[in-house]
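Student: Work out the full structure: start from the sequences and follow the hints.
Letter by letter, the chains look like this.
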Amino acid sequence: MGPVPRTLELFYDVLSPYSWLGFEILCRYQNIWNINLQLRPSFLGGIIKDSENKPPALVPRKGQYMANDIKLLRQHVQVPIQFPKDFFSVVLEKGSLSAMRFLTAVNLEHPEMLQNVSRELWMRIWSRAAEKAGMSAEQAQGLLEKSSTSKVKNQLKETTEAACRYGAFGLPITVAHVDGQTHMMFGSDRMELLAYLLGEKWMGPVPQAVNARL
Amino acid sequence: MGPVPRTLELFYDVLSPYSWLGFEILCRYQNIWNINLQLRPSFLGGIIKDSGSLSAMRFLTAVNLEHPEMLQNVSRELWMRIWSRDEDITQPQSILAAAEKAGMSAEQAQGLLEKSSTSKVKNQLKETTEAACRYGAFGLPITVAHVDGQTHMMFGSDRMELLAYLLGEKWMGPVPQAVNARL
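Protein chains in written order, with the UniProt record's numbering: chain X, 1 to 214; chain D, 1 to 183.
Facing chain D, a subset of chain X residues (Cβ under 10 Å, in silico): (1) P56; (2) R61; (3) Q75; (4) R190; (5) G204.
If you are wondering where the hints come from, they were derived from the structure by calculation, not from laboratory data.
This one's a predicted model, so the numbers in the text were calculated from it and none came from an experiment.
For each residue, glycine too, the CB sits at the ideal point set by N, CA and C.
Tutor: Here's what the structure looks like:
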């Protein structure tokens with residue numbers, strides 16, 4: 001038996017396009033690197049408030065930059081990510097509390113579905129192409145109901161607070177536990193650095209999984 | 001003769017540690033990739049409300065006008081002061097020390113320090129900073145790549161792999177082995 005896999009925690013919110021990019025990259029590497037990828041659905045609104053930060057889109061040039069940056073990263077990272085037409089309404093008015101509570105419920109009841117359902121939610125917000133996550137209507141309805149229980153609300157709150165304790169001021173953050181040390185990295189553009197910390201090989205955002213671990 | 005090198009403009013301020021990282025990475029790649037690296041000393045305080053580096057960036061603007069071949073070395077020495085040895089970069093003697101460490105004579109450095117407060121140099125810094133703003137900068141560093149008639153502005157020192165992708169060049173991490181460096 002090989003060395004113990006290193007735990008990586010990915011704290012994310014589907015409202016965050018960079019969270020989607022970080023998520024897809026880590027999903028690609030989860031069977032290539034010796035890691036244990038733990039997904040942590042979190043609430044970006046709570047983190048921004050707690051850290052007294054400001055959503056980047058509220059700075060006009062940052063919003064403009066994000067639109068261009070996402071266009072380039074779409075090709076480079078090969079994720080069908082597209083700025084929603086009504087960005088302001090979707091991101092800044094509607095927000096993501098229900099969605100992240102839903103994912104928290106999924107994580108509690110059907111963790112094996114979390115990756116697919118997360119991806120589906122990103123597809124809805126950040127892509128024109130939406131696919132089905134493979135959940136039955138009843139399953140989805142049941143989880144939707146569970147989303148408003150205190151158990152689920154509290155779980156999302158705790159996960160979000162854990163991100164804050166790690167020092168988050170936004171999302172995504174990746175927390176790597178390596179050789180008894182904890183490293184928190186912000187953004188989807190720290191994966192090469194993460195590889196360096198893990199002593200693993202960085203093969204760009206779209207690795208060929210020829211030697212995937214079984 | 002090969003294809004025309006692509007122009008990359010790096011707008012930076014020594015007050016910005018990520019500017020230093022981006023600078024070093026691009027310096028390493030300047031003889032590996034088919035690029036023409038243009039350094040653009042800018043003033044971060046003109047982009048966000050801040051201060052601290054005005055004299056240093058005016059000095060670098062003067063260096064760029066009079067001795068552009070010294071710009072990389074002097075920039076690096078200023079970063080070494082503030083972001084490696086935790087030394088001052090606001091006082092005239094600090095700036096002169098950095099210039100001399102970079103290989104400039106005391107007279108040369110003094111001359112450039114005096115030129116730093118002329119309207120020519122002040123205006124040049126202002127123009128460069130405004131150019132960064134027109135490119136959409138909200139901070140520094142920004143790298144502006146001119147590729148196939150298109151202009152791409154990238155913020156931060158962590159967009160170099162994406163830059164390589166846009167240039168159709170090979171990304172070999174932040175510390176490439178320059179075995180096949182272009183001559």
